[in-house]
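K.L.:
One-letter residues, chain by chain:
Protein chains: 2
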Amino acid sequence: MFNQLIPKLLSHKNIAVFSHVRPDGDCLGAQTALSLWLQKNGVEVSAFNEDDVPENLSWLTDFFPIQKPTNLENFDAFVVVDGNALHRFGDEAEKIADLDKPVYMIDHHPDPEDVFEEFVSREESSSTCELIYQLYEEYDIEQVDAAAAKAMFTGIVTDTGSFQFDSVSSETMRAGSELLRRGGFTPNEIAERLYASRPLRQLKLLSMALETITLHAGGDFSTISITQKMLEDTGCTKEDTEGFVQYPLSVEGVKACVLLREDGDRIKLSLRSQSPVDVNKWARQFNGGGHKKAAGAWHPGPLNKAIEEVIAVGKEQLDSEA
Amino acid sequence: MFNQLIPKLLSHKNIAVFSHVRPDGDCLGAQTALSLWLQKNGVEVSAFNEDDVPENLSWLTDFFPIQKPTNLENFDAFVVVDGNALHRFGDEAEKIADLDKPVYMIDHHPDPEDVFEEFVSREESSSTCELIYQLYEEYDIEQVDAAAAKAMFTGIVTDTGSFQFDSVSSETMRAGSELLRRGGFTPNEIAERLYASRPLRQLKLLSMALETITLHAGGDFSTISITQKMLEDTGCTKEDTEGFVQYPLSVEGVKACVLLREDGDRIKLSLRSQSPVDVNKWARQFNGGGHKKAAGAWHPGPLNKAIEEVIAVGKEQLDSEA
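Sequences listed follow chains A and B, in order. Going by UniProt numbering, the first residue of the first sequence is number 1, and it counts up by one from there. Going by UniProt numbering, the first residue of the second sequence is number 1, and it counts up by one from there.
Looking at chain A on its own, in the form it has when it is part of the complex (with noise of 0.2 Å):
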């Protein structure tokens, strides 16, 4: 899989590598542990984010270093993970466009850009990291150390909800058996990082969140809303909502759910899937986008119109494809 883009990435002296903005545990671990592999085999490599990186995943940086990008004009290639198309790396990402440099991709979303001199692409993947694994296995699996190995495991683990999706083949387990070998750690240390330091505001908030939830369509979606008063009453901002989501998906019977959160004069909306019902499709009637199962898009509001409509559209595609 990776046996065009390898060499390539070798021949540079040195690399910049971005993960995406916003970013998340699957691009910044990804990110980590190809930072790691480059640095290995003798390339000289920066690892760039726009954004600052989240409190639960501050670890990761101790592995190796995430900068704001700087000096780009310097770097003889530049590496994209995690996201198929410059803009989803932010204002100086999208600029190496124009700096007649290779540009690489290793990612797992759909419909990629066509601006990567070479890329692998493979939307069947469970995560980034799972295909930053395979990476190592066809060049060298005795290179993952400690430190690669838990960066890989935390990408896998955060884009699955722990083993659990439908992206999870047997090679993406076999992949998470074969880390926590290398790595020697057991996956509760991951874990905790991730989930097991939660602020109490955050649970204040998921309760008050959790009572907004509200079923439609006869049970076929479900809808959970975030205020901007919830926000303020509880101390919480936006990153705090995280995982949200999941909880009106879970609810018996539903299809498909939608997460709205009050955003400056706007509203932000997540859509999930665990059925036929295709939320890319669905977020692309508000001029978003994603995931068969996981999309976004905005709404100009107010919250009572947004819920109306986004379920109007719901519903309207649903009926269609019955």
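Keep in mind that the hints were calculated from the coordinates and are not lab data. Among the clues, some could well be false.
Each pair may be met inside one copy or between any two copies, as identical chains are not told apart.
Stated by the list, open to error - Pairs of lysine-lysine, DSBU-like flavour, derived with a Cα cap of 30 Å:
(1) K305 / K238
(2) K305 / K13
(3) K268 / K204
(4) K68 / K229
(5) K204 / K8
(6) K13 / K68
(7) K255 / K40
(8) K292 / K101
(9) K255 / K68
(10) K281 / K101
(11) K8 / K305
(12) K101 / K8
(13) K281 / K13
(14) K292 / K8
(15) K68 / K315
(16) K204 / K238
(17) K204 / K229
(18) K95 / K255
Just so it is clear, the structure is predicted and the values come from calculations on it, not from any experiment.
Starting from the known structure of chain A, fit chain B onto it as the hints suggest.
P.N.:
Relative to the frame of chain A, chain B by itself:
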């Protein structure tokens, strides 16, 4: 590991397999997979449980029926799984000790009772299902069919919080990988049956319970409370509180937590630790017990007094170990 037990099990004409009362995914998964294995290898099998199978696990009984114990005197031998003391299997199971027939045991809890003809007891195993997987592997891995694979995967998932606990080893995950491959399924199939079919009332109860989360002892401990009134207001039963104890444990800095639930005129205590704090020792102060990281006990109440006393005891234990 099973070289003593396997020939003994296969020497009998008919065997009754018991899973423990208030059954969970691990005991039922292990019972199902073991019953299928015995049947496949020429032993007549009945699977017994004195309690009802929880709704979210009832699909397991399509693989192998689970009945109330009956005609126990007609069996040549008995196997108990996922418990190591006969009383854990109910009143009928306790009587089998008097039948003068061999009783076998496969389990991963500490301190087994000294009543078993032969047993496999591995505290370091993630789950009894992981042990049953090893039985298949030692005897003939080709006998793992889709039903057995799904049953064992279910037990591993439920006893490890979906591969997140410190009991998960590289071998646990390798078993998971093999079960996915041999069973031809993806984990979401199991996860959706286990978790993605919560009644809405349960989320409303969770909303109320999360509001009660309180920190104690300078943030070392946390409590969450469920009153009889909350259960009534939401139409929930105690089964709906399954998993709630993870929330107070997830608060940053918390070493151990207690879930308190009003039950008749008593308070059920569920203790969890993610630190060296030994909640088994803690629970024993209230005549309860369990594992180091998960234990239970009862308190005569009322709720406020229970919180006060359980925290005082925990604090004393923590101070004495400091």
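K.L.:
Does each hint hold? Answer for all of them.
P.N.:
How the hints compare with the structure:
Proximity of K305 and K238 under a CA criterion of 30 Å is satisfied intra-copy only: 21 Å inside one chain copy versus 37 Å between copies. Proximity of K305 and K13 under a CA criterion of 30 Å is satisfied in neither setting, with 54 Å inside one chain copy and 67 Å between copies. For the homomeric pair K268 and K204, the shortest alpha-carbon distances inside one copy (21 Å) and between copies (23 Å) are both at most 30 Å. In this homomeric assembly, K68 and K229 never come within 30 Å of each other (Cα to Cα): the closest approach is 32 Å inside a single copy and 52 Å across copies.
With identical chains, the CA atoms of K204 and K8 are never at most 30 Å apart, being 50 Å at best within one copy and 54 Å at best between copies. Taking the shortest alpha-carbon separations for K13 and K68, only the intra-copy value of 20 Å comes in at or below 30 Å, while the best inter-copy value is 70 Å. For a Cα distance limit of 30 Å, the shortest separation of K255 from K40 qualifies neither inside one copy, at 46 Å, nor across copies, at 38 Å. For a Cα distance limit of 30 Å, the shortest separation of K292 from K101 qualifies neither inside one copy, at 33 Å, nor across copies, at 56 Å.
Neither within a single protomer nor between protomers do K255 and K68 lie at most 30 Å apart by alpha-carbon distance, with minima of 40 Å and 35 Å respectively. With identical chains, the CA atoms of K281 and K101 are never at most 30 Å apart, being 35 Å at best within one copy and 63 Å at best between copies. For the homomeric pair K8 and K305, neither the shortest alpha-carbon distance inside one copy (51 Å) nor that between copies (68 Å) is at most 30 Å. Only within a single protomer do K101 and K8 lie at most 30 Å apart by alpha-carbon distance; the minimum there is 12 Å, versus 69 Å between protomers.
For a Cα distance limit of 30 Å, the shortest separation of K281 from K13 qualifies neither inside one copy, at 42 Å, nor across copies, at 58 Å. Within a single copy, K292 and K8 get their C-alpha atoms no closer than 32 Å, and across copies no closer than 51 Å, so neither meets the 30 Å cut-off. Taking CA atoms no more than 30 Å apart as the test, K68 paired with K315 passes in neither setting, with 43 Å inside one copy and 45 Å between copies. In the homo-oligomer, the alpha carbons of K204 and K238 lie at most 30 Å apart both inside one protomer (14 Å) and across protomers (22 Å), since each shortest distance falls under that limit.
In this assembly of identical chains, K204 and K229 lie within 30 Å of each other by CA distance both inside one copy and across copies; the values are 13 Å within and 20 Å between. For a Cα distance limit of 30 Å, the shortest separation of K95 from K255 qualifies neither inside one copy, at 40 Å, nor across copies, at 47 Å.
Violated hints, listed in ascending order, are 2, 4, 5, 7, 8, 9, 10, 11, 13, 14, 15 and 18; each of the other numbered hints is respected by the structure.
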